[in-house]
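Engineer: Now for the letters of each chain:
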Amino acid sequence: MLTPPDKLNTATYGAPTSTPLTDDNFFSMMAEDLCRMAAGGDPSDDDELDERQAELLCRTQFDFLMAKVTSSNANLRRAAFAEQLKLDKEGYFEDMKAYYEQGGTSEPFLVTFPNTPVQLDADREQYYIDLPKQFVNLPRYKNLPREQQAIVECMKVVDRTKRSYVPMTMSQARSFMGNHPAGFQGDIGTSREGAKLWLVMPPNEDAPDKKVLLKVVIRSRDEQLLPEPGYLFAPSYVETLSLAWAAWNGRGKQDNINDANGQTPRV
Amino acid sequence: MPKFIFLQHQFLDNLLDKQGFYRSPEQKDEAIHFASLSRFQELYGDDAEYAPGQPLPRRAYQLTQDISDKLQPFLRELLYVRPGVSFPQDQLPDELPAPVEFVKKNKLELPPDWVHPTAMHFIQSVDDLDDDYSNYLYPHADVKMVRDDRLGKRRRSKMVAPTQQYPVATIVRDGYRFYPLPEELLYVKYLGRPAKPLFKYSVDQSTQQIVYDDQNSVDTGWPEIDHNDLMLKAAELLGVPLQDASLVNFARYKAQQGA
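As they're listed, the protein sequences go chains U and Z. Residue numbering for the first sequence is 5 to 271, as defined by my numbering. Residue numbering for the second sequence is 63 to 321, as defined by my numbering.
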């Protein structure tokens with residue numbers, strides 16, 4: 005007794021079948037379908053079309069369609085990428101212009117990360133803070149840097165009167181470590197290396213804060229992001245089957261005269 | 063109830079008597095046999111109607127359910143087993159005959175009453191069947207008949223080479239040859255020739271009367287519904303003029319009675 009399928013595959017096929025269409029039986033069902041079309045009913049051993057040939061026809065046509073889909077999607081993706089690159093470049097210079105020519109426009113884009121943990125790198129015996137991904141991954145144009153501003157503060161207002169975190173370049177940090185200036189007693193430098201912000205402070209001292217307030221400038225890129233291009237989807241069952249059907253019907257007629265000389269004209 | 067052959071002879075006697083003819087039981091047997099074969103041929107398919115582009119005649123086995131039902135008494139089943147293969151014989155359905163071995167490598171020797179195969183399947187034991195069914199009623203692969211001039215290319219084909227899943231066969235003298243040989247069993251269903259009728263009798267020496275021997279008589283096997291046609295043909299063969307309406311009516315009357 006046939007058990008009814010647990011799921012009617014109406015999405016792809018449009019009609020319930022005794023076996024639901026799956027990725028595993030996609031081609032064997034399509035081959036059977038093609039055989040049924042060729043036979044005009046239940047296939048029999050009188051049919052010229054062998055199931056294996058039918059499956060090969062279907063696979064070939066599927067691959068043919070798939071190649072078109074893949075190449076079309078690659079072209080779309082390439083065009084979208086080029087367009088996005090152009091937009092990114094324009095956006096970068098707009099931001100730079102706003103920052104240098106008009107000044108002070110970073111503040112509205114400051115994003116605050118409270119309770120950012122201060123971690124210890126045991127090998128370097130130095131404390132650091134992980135910069136947030138959104139900040140590190142900001143798009144750049146070629147080798148020009150993007151936003152660099154990262155401000156570290158003590159969590160509590162009271163502590164801020166005792167010490168401040170001073171942004172430094174790497175050479176400033178090196179000099180600060182060797183020769184701690186009197187005016188900066190108690191202050192801590194911060195120097196960026198890639199995705200980390202290292203604390204610059206006298207050696208053999210523990211970091212005074214376990215958690216700090218981190219402020220970084222992140223200008224939103226959302227309005228500059230293009231929507232996903234309109235990709236083509238994988239070839240459908242019906243599309244593949246109709247191509248396979250056309251391929252089968254386009255064949256020559258069988259030479260039914262048993263003369264074995266291959267000279268009988270095809271009719 | 064006596065066998066049909068008795069009633070058929072009685073019926074033919076009546077027709078012959080009416081015309082003042084006499085035919086021996088052997089002559090009547092012959093006439094019934096010819097009528098039977100002629101009827102079989104008529105239903106099974108007239109050769110002249112097979113034409114290019116016309117693969118089926120107007121009347122043929124399994125063309126309509128009606129014809130298949132009429133030919134059903136002549137269907138036979140056979141099982142051939144690959145030499146050296148053992149299998150549980152008790153799993154065979156009761157109605158199937160015991161399997162016979164392929165006698166010559168991959169050639170199937172035809173039984174004497176062979177007319178035409180209607181199905182040839184490879185059968186393999188499988189474990190996942192319901193208990194309601196026997197393994198040996200489930201075809202594993204259908205055998206495709208290929209023309210003589212196609213076998214070589216088939217065997218070399220990268221796409222449609224014969225395998226256990228897709229076996230092929232060609233016709234040879236007195237049999238069929240299979241590529242490849244089935245791993246276990248070959249099931250064959252075929253249309254067999256109708257049996258030759260036999261009106262077995264002895265002559266009572268004292269009365270010189272024919273004494274019918276029902277036990278050893280043989281029927282043709284046709285279902286009752288076809289006896290009418292059969293008798294009219296036999297009567298015609300025996301020389302009874304059938305223009306007589308009363309005879310035709312009589313034949314119909316006997317047919318209704320089941321003769």
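None of these hints come from the bench; they were simulated from the model. Check the hints yourself; a few may be wrong.
What follows is a set of in silico ranges between Cβ atoms, one per label pair, in the way DEER data are often shown [claimed, not checked]:
1) Z:D275 to U:S22: 37 to 43 Å
2) U:A78 to Z:P119: 53 to 59 Å
3) Z:A160 to U:K72: 34 to 40 Å
4) Z:P119 to U:K72: 46 to 52 Å
Positions of the beta carbon are idealized from the N, C-alpha and C atoms, including for glycine.
Engineer: Compare the structure with each hint and give your call.
Structural biologist: Each hint, compared with the structure:
no. : hint                        : verdict
1   : Z:D275 to U:S22: 37 to 43 Å : violated, 55 Å
2   : U:A78 to Z:P119: 53 to 59 Å : holds, 58 Å
3   : Z:A160 to U:K72: 34 to 40 Å : violated, 59 Å
4   : Z:P119 to U:K72: 46 to 52 Å : holds, 48 Å
When held up to the earlier numbered hints, the structure conflicts with 1, 3 and fits the remainder.
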